[in-house]
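So the protein sequences, as listed, match chains A and B.
Residues 76 to 377 in this note's numbering are what the first sequence lists, from first letter to last.
Residues 2 to 253 in this note's numbering are what the second sequence lists, from first letter to last.
These are calculated hints, taken from the structure and not from any lab test.
16 Å max Cα-Cα, derived EDC-like pairs, lysine to aspartate or glutamate:
(1) 233(B) with 216(B)
(2) 33(B) with 189(B)
(3) 274(A) with 105(B)
(4) 268(A) with 57(B)
(5) 233(B) with 245(B)
(6) 268(A) with 81(B)
(7) 171(A) with 57(B)
(8) 95(B) with 256(A)
(9) 101(B) with 256(A)
(10) 171(A) with 60(B)
(11) 78(B) with 57(B)
(12) 198(B) with 169(B)
(13) 373(A) with 248(A)
(14) 140(B) with 105(B)
Some chain A residues near chain B, calculated using beta-carbon distances under 8 Å:
(15) 171
(16) 259
(17) 263
(18) 267
(19) 270
Here a beta-carbon is modelled for each residue, glycine too, at the ideal position from N, C-alpha and C.
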Amino acid sequence: MIRSYKNNIKGILIEGLTLSSALLIIAIVVVMVTVIVIGGKDQLSWEFLTSFPEDGMTKGGIFPAIYGTALLVILMSIAAVPFGTITAIYLTEYAKENSVIAKTIRFAVRTLAVIPSIIYGLFGLGFFIKFVGTQMDNTFMGGELKWGQPNILWASLTMALLTLPVVIVSVEEALKTVPNDLRAASLALGATKWQTIRKVVIPGSISGIMTGTILAVSRGAGEVAPILFTGVAYYVATLPASLSDQFMVLGYHIYVMTTQSANVDQTMPIQFGTTLVLLMLTFILNISAIVLRYRIRKKKSN
Amino acid sequence: MAIEKIHTENMFLHYGSKMALNNISISIPEKKITAFIGPSGCGKSTFLRSLNRMNDLIDGVKIEGNIFIDHINIYDKNIDVVTLRKKVGMVFQKSNPFAKSIFENVAYGPRINGIKDKNQLGEIVETALKNAAIWDEVKDRLGDSALGLSGGQQQRLCIARTLAVNPEIVLMDEPASALDPLSTSKIEELIVGLKEKYTIVIVTHNMQQAARISDLTAFFYLGELIEFDKTKKIFTNPEKKQTEDYITGRFG
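Build out the structure end to end from the sequences listed, making use of the hints.
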């Protein structure tokens with residue numbers, strides 16, 4: 076019954092090992108955030124957020140990249156949220172739980188979720204630009220090059236594909252929080268299935284649908300790979316005014332300044348500033364998603 | 002006997018390969034309270050849910066035989082389930098108000114029927130709440146969430162919500178089983194009052210309740226309808242031994 080000295084040491088060692096790897100995670104986050112905040116905080120100013128880059132990006136602001144990121148996530152959401160929500164509605168409300176079609180859709184969604192983002196970029200290039208875009212040019216533009224090249228529309232659609240699984244899964248989860256009792260109550264009152272979905276199920280899960288949207292947006296805001304070939308530009312002197320224009324994005328702007336700039340050292344403060352802005356943006360989006368999700372959980376447990 | 006409202010002939014129901022209802026033939030009269038009693042799993046709730054086709058929502062349910070309401074076969078392929086359910090309302094075991102205001106809960110049915118006029122909706126809601134004996138308790142807070150009501154009030158609200166659609170038949174699936182005795186007696190009082198206008202079919206586990214409020218009682222056992230007669234007769238002088246054993250508490 077006496078604990079052996081050896082086992083005791085072993086236990087302490089194992090606990091120490093697990094604890095230190097856990098602490099390492101905290102350390103990484105702290106170091107990362109601290110470095111970015113210290114490096115970027117002096118850069119943050121109204122000026123920096125609202126003006127164009129100047130002098131080969133060594134001076135000026137990042138407004139086109141902020142604008143491009145915002146436009147990208149808005150267009151992406153317009154495509155991904157309704158499409159994803161409708162798919163989730165089919166899966167939870169119409170498809171039979173274990174039917175072949177539901178299983179196939181779920182498998183496809185899971186597969187979409189694990190495909191590396193660069194492959195989405197290549198798909199966008201091949202499908203949207205080379206196929207759809209070129210066809211559109213041949214049909215509507217008399218062969219003149221307009222849609223068959225990278226632009227914000229194709230980039231947004233590619234990004235929408237990437238975020239689709241996030242939207243579908245979180246909307247599905249939200250729809251499932253609506254108790255079946257309520258569906259039965261509505262149907263028993265002579266409501267059609269669609270009336271039940273529209274008046275009971277969707278209002279009862281709207282915050283979950285919003286969580287899904289925000290998560291998708293925050294994922295999209297930070298991704299660069301899918302838009303690399305499909306629309307993002309190194310530098311554009313004007314803001315995108317049409318769906319066929321190229322655009323700048325925060326994530327790509329950081330990449331460009333650190334690797335492609337003529338004078339990397341000189342762009343350093345702007346790199347930090349841009350990184351800080353991107354980080355804050357994704358933080359804010361994620362925190363609002365967490366808050367919404369927490370409120371749903373609370374409601375569900377009541 | 003009064004006018005026949007619901008009528009089934011040789012009706013069978015299967016859940017997949019399991020037979021849940023075996024050869025049910027019954028004739029339920031208009032504007033009476035008919036109680037279904039029997040031990041758990043005897044098929045009484047399943048049969049109740051067949052009367053407004055709520056079983057359609059469950060995978061693998063297969064029905065043979067016919068159910069007639071007002072001499073119309075409700076399982077005919079030309080029947081619109083939505084219209085049927087407006088005529089045959091249902092109150093569930095667990096009160097299930099929507100996460101909306103008291104007013105909107107009751108107005109839900111009329112609204113989906115296309116009634117938009119505020120005054121008309123207001124009148125329907127008031128009448129339904131009065132008929133469900135809850136008007137006095139909620140008339141000053143119609144805009145409050147229905148979820149803030151007590152369990153008994155919620156159940157009466159659900160009854161009001163069902164009445165607002167103006168059904169002819171109201172099916173009740175153990176409507177008072179989750180309530181305290183005081184709320185239960187209020188609900189029972191309410192149900193007795195409703196038979197003036199509506200045909201009531203109620204499933205209950207509580208035999209005293211069946212004896213207190215119903216005009217007719219049907220005893221189900223293992224998917225079969227064992228006996229169906231005037232409540233008084235069932236509880237005082239049943240024909241079948243199984244019925245007698247059940248009501249005297251010898252099994253179930």
